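Visitor: Residue numbers (the numbering used here), protein chains in the order written: chain A, 1 to 217; chain B, 1001 to 1217.
Don't read these hints as lab results, they were simulated from the structure.
Model, not experiment: these values are computed from the prediction.
Treat the hints loosely; a few may be bogus.
Straight line, CA to CA, 27 Å or less: simulated BS3-like cross-link-like pairs of lysine-lysine [unchecked claim]:
| # | chain 1 | residue 1 | chain 2 | residue 2 |
| --- | --- | --- | --- | --- |
| 1 | A | Lys-121 | B | Lys-1121 |
| 2 | B | Lys-1068 | B | Lys-1143 |
| 3 | B | Lys-1143 | B | Lys-1121 |
| 4 | A | Lys-143 | A | Lys-167 |
| 5 | A | Lys-3 | B | Lys-1008 |
| 6 | A | Lys-102 | B | Lys-1102 |
| 7 | B | Lys-1022 | B | Lys-1008 |
| 8 | B | Lys-1102 | B | Lys-1143 |
| 9 | B | Lys-1102 | B | Lys-1121 |
| 10 | B | Lys-1022 | B | Lys-1049 |
| 11 | A | Lys-68 | A | Lys-121 |
| 12 | A | Lys-8 | B | Lys-1167 |
| 13 | B | Lys-1121 | A | Lys-102 |
| 14 | B | Lys-1143 | A | Lys-8 |
| 15 | B | Lys-1143 | A | Lys-121 |
| 16 | B | Lys-1121 | A | Lys-8 |
| 17 | A | Lys-49 | B | Lys-1167 |
Protein chains: 2
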Amino acid sequence: MDKSNISKPSLRRLPVYLSYLKTLPASTRTISATAVAAALGLNEVQVRKDLSAASSGGGRPKMGYSVKELIADLEEFLGYRNTKDAILIGVGRLGGALLSFKGFGECGMRIAAAFDNDPMKIGRRIGDVQIHDIRELPDVCPKLGAHIGILTTSPEHAQALCDLMLKNGILAIWNFSTAHLEVPEPIIVHNENLAVSLAMISHDLEEMMDREGKQED
Amino acid sequence: MDKSNISKPSLRRLPVYLSYLKTLPASTRTISATAVAAALGLNEVQVRKDLSAASSGGGRPKMGYSVKELIADLEEFLGYRNTKDAILIGVGRLGGALLSFKGFGECGMRIAAAFDNDPMKIGRRIGDVQIHDIRELPDVCPKLGAHIGILTTSPEHAQALCDLMLKNGILAIWNFSTAHLEVPEPIIVHNENLAVSLAMISHDLEEMMDREGKQED
Chain A
1 MDKSNISKPS LRRLPVYLSY LKTLPASTRT ISATAVAAAL GLNEVQVRKD
51 LSAASSGGGR PKMGYSVKEL IADLEEFLGY RNTKDAILIG VGRLGGALLS
101 FKGFGECGMR IAAAFDNDPM KIGRRIGDVQ IHDIRELPDV CPKLGAHIGI
151 LTTSPEHAQA LCDLMLKNGI LAIWNFSTAH LEVPEPIIVH NENLAVSLAM
201 ISHDLEEMMD REGKQED
Chain B
1001 MDKSNISKPS LRRLPVYLSY LKTLPASTRT ISATAVAAAL GLNEVQVRKD
1051 LSAASSGGGR PKMGYSVKEL IADLEEFLGY RNTKDAILIG VGRLGGALLS
1101 FKGFGECGMR IAAAFDNDPM KIGRRIGDVQ IHDIRELPDV CPKLGAHIGI
1151 LTTSPEHAQA LCDLMLKNGI LAIWNFSTAH LEVPEPIIVH NENLAVSLAM
1201 ISHDLEEMMD REGKQED
């Protein structure tokens, strides 16, 4: 399976198929790309193409995919069966929510350690995760061999903390702060920007209200 | 300004420009599209096009944009100056984090009320937001005139709560649960799926490590 050829939009849809397949009752043994497309309101040709990129076994004409095999193939393709360690910096409300989020394990990510500078938080645990003094990061992080760094701090310190992570073995930053981070090649930054989502929603909502308003004229 | 013609990728970039512009020191009076592109590592032609779609005033040759006007134009274009009310259902860790997130106000969204079914939470406040009994939603929500519903519950109840919101004036659902929601036209669903982000990061990271590994051969 060549993972590098898949497009970003296809890659974004794979976890959606996976979570849908997991909601199916155990009595559903097989499913067609057509049925998946209909259930999720997606284009059938697209779904067929996405599934065949991720799963070699299935898609026999008239039979469809074995649900169990398709789940396994998607999990394999998405790297869920190959656990990756992450660290998290900034145990505020959002950081705390992520530390206690149970869904990451299913997706093959384990938050191995958290860091903060607040003495009230250092030494405590949330779930299975120990909160360390941020000054211990250069000792702790390389030992863990973690490559993903989750940044849930305020924007002021984000760049300095990003640089600190990169010096200590982190290769991909999952940035929940609103700061723009400068990183050297080939470091990965994935920005989780709620303002961007909100802009999309507001835009679609205004457009909808304009459209509906016009229809009433 | 015709907002309906802007592409989704452009729309996603506008809040990124805006947050970058807001980090500039007050002494920076003007800025060119070229400088914005360089700072954010984006394509210059793209940035020039995006900015001219959102801002009519600026972009004079050799002068660039007035930072102040460009911020104002972007805020106007993104609807930040036109406050929209939202409600939130599910005051768990994530819901609580969103209720106390200060960035929404800047983006023109106000969470006007929250709902839960936990007697320990009902009647309390987080920040300025009152937590109501979910059974009060049909009374409270239409009075507020809120059109955005933020769903931060577990996936099992997500569809029923979505249906309840749609019956009470909500037109756009911001779905933080992992459930797939079925909604009628023209209702908007924006899925905030951390598993999707994680899949993107894992994919890019595996690709990077393959590439770097190959270079060492």
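Visitor: If a hint holds in the structure, say so; if it doesn't, say that too.
Guide: Cross-check of the supplied hints:
Of the pairs offered as hints, the one joining Lys-121 of chain A and Lys-1121 of chain B holds, with about 24 Å between alpha carbons and a cut-off of 27 Å not exceeded. Distance hint between Lys-1068 of chain B and Lys-1143 of chain B is unfulfilled; the C-alpha atoms sit about 37 Å from each other, more than 27 Å. Between Lys-1143 of chain B and Lys-1121 of chain B the alpha-carbon distance is near 22 Å, which keeps this suggested pair within the 27 Å criterion. This hinted pair checks out: Lys-143 of chain A and Lys-167 of chain A have alpha carbons roughly 13 Å apart, not beyond 27 Å.
Using a Cα cut-off of 27 Å, the hinted pair Lys-3 of chain A and Lys-1008 of chain B holds, with the two alpha carbons roughly 25 Å apart. Under the criterion of a C-alpha separation no larger than 27 Å, the hint pairing Lys-102 of chain A with Lys-1102 of chain B is consistent with the structure, at around 25 Å. Between the alpha carbons of Lys-1022 of chain B and Lys-1008 of chain B the distance comes to roughly 22 Å, so the proposed pair stays at or under 27 Å and holds. As the CA atoms of Lys-1102 of chain B and Lys-1143 of chain B are separated by approximately 24 Å, the hinted pair is consistent with the 27 Å bound.
Proposed proximity of Lys-1102 of chain B and Lys-1121 of chain B is supported: the alpha carbons are some 21 Å apart, at most 27 Å. Simply put, Lys-1022 of chain B and Lys-1049 of chain B have alpha-carbon atoms about 20 Å apart, close enough for the 27 Å limit, and the pair holds. Between Lys-68 of chain A and Lys-121 of chain A the CA atoms are separated by roughly 42 Å; this puts the pair beyond 27 Å, and the hint is violated. For the hint linking Lys-8 of chain A to Lys-1167 of chain B, the alpha-carbon distance of about 35 Å lies beyond 27 Å, and the restraint is violated.
Pair hint Lys-1121 of chain B plus Lys-102 of chain A holds up; C-alpha atoms about 22 Å apart against a cutoff of 27 Å. For the hint pairing Lys-1143 of chain B with Lys-8 of chain A, the CA-to-CA distance comes to about 41 Å; that exceeds 27 Å, so the pair is violated. For the hint linking Lys-1143 of chain B to Lys-121 of chain A, the alpha-carbon distance of about 41 Å lies beyond 27 Å, and the restraint is violated. Annotation: proposed proximity of Lys-1121 of chain B to Lys-8 of chain A is violated, straight-line Cα distance about 40 Å (limit 27 Å).
Simply put, Lys-49 of chain A and Lys-1167 of chain B have alpha-carbon atoms about 36 Å apart, too far for the 27 Å limit, and the pair is violated.
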